[in-house]
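Participant: The primary structure of each chain is shown beneath.
Protein chains: 4
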Amino acid sequence: MLPYHYKHHVRVRYAETDKMGVCWHGNYLLYLEEARGEALRATGHGSYADMEAAGVMTPIVKINLNYHHSAFYDDLLTIHVYVEEPVRSKIKFRYEVVNEAGEAILDGITELAFITADTHQPCRPPLALRTFFK
Amino acid sequence: MLPYHYKHHVRVRYAETDKMGVCWHGNYLLYLEEARGEALRATGHGSYADMEAAGVMTPIVKINLNYHHSAFYDDLLTIHVYVEEPVRSKIKFRYEVVNEAGEAILDGITELAFITADTHQPCRPPLALRTFFK
Amino acid sequence: MLPYHYKHHVRVRYAETDKMGVCWHGNYLLYLEEARGEALRATGHGSYADMEAAGVMTPIVKINLNYHHSAFYDDLLTIHVYVEEPVRSKIKFRYEVVNEAGEAILDGITELAFITADTHQPCRPPLALRTFFK
Amino acid sequence: MLPYHYKHHVRVRYAETDKMGVCWHGNYLLYLEEARGEALRATGHGSYADMEAAGVMTPIVKINLNYHHSAFYDDLLTIHVYVEEPVRSKIKFRYEVVNEAGEAILDGITELAFITADTHQPCRPPLALRTFFK
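Chains as they are written, first to last, in the numbering used here: chain U, 3 to 136; chain A, 3 to 136; chain V, 3 to 136; chain B, 3 to 136.
There could be a bad hint or two in this list.
When the alpha-carbon atoms are kept at most 27 Å apart in a straight line, the in silico DSSO-like pairs for lysine-lysine are as follows [claimed, not checked]:
no.	chain 1	residue 1	chain 2	residue 2
1	A	K92	V	K64
2	A	K9	V	K64
3	U	K94	B	K136
4	A	K64	V	K64
5	A	K9	B	K9
6	B	K64	B	K136
7	U	K64	B	K92
8	V	K9	V	K64
9	V	K64	V	K94
10	B	K9	U	K64
Pairwise CB distance ranges (calculated) [claimed, not checked]:
no.	chain 1	residue 1	chain 2	residue 2	range
11	V	T80	U	G46	53 to 63 Å
12	V	D52	A	A130	52 to 62 Å
13	A	L129	U	G46	48 to 58 Å
Hints are computed from structural coordinates only; laboratory data are not their basis.
We put the CB at the ideal spot given by N, CA and C, even for glycine.
Throw the hints in and build the complete structure from the sequences for me.
Facilitator: Following this line, the structure appears as structure tokens:
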């Protein structure tokens with residue numbers, strides 16, 4: 003199956019800028035995480051909160067990001083999220099962040115592991131997610 | 003007993019500045035929290051982590067802060083913490099934050115409640131803390 | 003004139019929770035700031051970004067917050083903002099934050115000063131804002 | 003010249019944890035940034051603040067991080083920073099983060115660009131830094 007594509011919008015908060023006058027580089031991880039959450043919700047197979055309530059957590063295991071242009075306070079950014087089919091106990095998300103002028107701000111990937119909330123051992127993705135990708 | 007006085011130092015991080023070029027106002031709550039933690043550790047009656055491990059949590063119930071001067075990236079701030087004796091299930095901390103030139107940056111108070119980690123009901127302060135104030 | 007009332011919505015991000023499992027107390031300042039910005043935009047008299055571009059900045063001078071209930075990951079919060087008419091070089095905002103069940107999460111005020119971006123001296127509120135309150 | 007090695011220590015703040023009970027993945031970027039700053043200061047060739055004051059800024063252009071173990075509230079982490087000699091208008095930092103038990107928490111690299119503060123054009127590294135690597 004092709005990666006599932008979802009589009010999320012986020013506005014850069016004042017507190018997320020730094021003294022260089024731009025969005026501080028680490029804050030994009032807030033946006034990507036929020037976009038992942040909304041992408042999951044939009045599948046109609048439950049939210050990330052539901053998944054945790056069902057005993058599965060997804061710590062980050064890898065992050066690769068490339069920064070192209072700065073984003074500024076009050077910029078309305080579009081986060082394109084591409085969710086790949088889970089492979090065993092891992093799942094990869096690709097991202098492209100663009101501003102309203104269509105300029106590339108950032109692209110990259112994050113890889114997450116599925117672990118059980120109680121024992122923190124690797125586990126299969128939740129059924130809902132496996133079903134979604136069938 | 004007089005309030006217990008503790009002095010903590012913190013350096014303003016780049017990410018903690020905003021586009022105004024100063025430490026973003028909300029980030030002082032990071033510094034005050036860190037200062038509270040170090041003040042507790044310095045009592046020799048266990049750390050805040052120990053307290054949580056023993057089943058007591060301390061959510062914030064009130065914050066009053068007055069901002070006097072801005073702090074800047076890389077400023078080394080001194081946080082004076084004054085810990086008052088707990089009253090029933092609450093404890094109050096007063097703060098004065100000054101920079102290296104001795105200028106007043108911020109003062110204020112936070113009030114925290116003691117609750118049990120399991121039921122989230124108000125509870126007495128941990129014995130160690132009550133002992134410390136005797 | 004009565005205070006101007008604006009309603010803003012914000013969803014609690016995963017990163018904004020702490021190990022107590024709730025929204026970390028300092029993160030409400032992110033929400034209040036975002037709500038102020040949207041309240042200003044909604045007046046139709048320009049955004050906060052416009053105001054800064056016109057040479058006026060508004061550092062926080064006072065914060066008083068009372069915390070009533072915790073908010074949790076993925077909660078959709080409503081921020082009621084009440085903007086009072088500026089008095090000389092200051093402006094006060096009152097807030098009430100409620101969750102989807104209508105429970106009071108937080109209330110309080112922030113007071114901001116108008117200063118010039120170049121000399122950082124107190125100044126009158128921008129004309130657009132003064133006009134809005136007439 | 004070999005990469006310059008610097009060791010920095012940082013304690014995980016309460017606010018930096020998330021509801022999974024661990025240090026939120028994005029907060030490591032705070033630690034790495036702080037470690038870079040202290041590494042520069044320790045060269046004796048001026049601080050990062052000095053560099054900015056002299057008209058050079060260093061936005062992040064690339065981040066690659068691998069997460070191995072979680073860090074927890076109050077953990078005292080050691081950040082090993084390896085600063086490589088700048089190549090044209092870029093500089094690479096490698097990192098290894100370990101906890102007090104010596105467990106690997108995270109490793110990775112960040113790449114930064116040198117740009118002028120006024121025109122935001124790529125520029126040579128500051129003389130002090132070039133000198134340091136000779």
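Participant: Which earlier hints can't be squared with this structure?
Facilitator: 3 and 11
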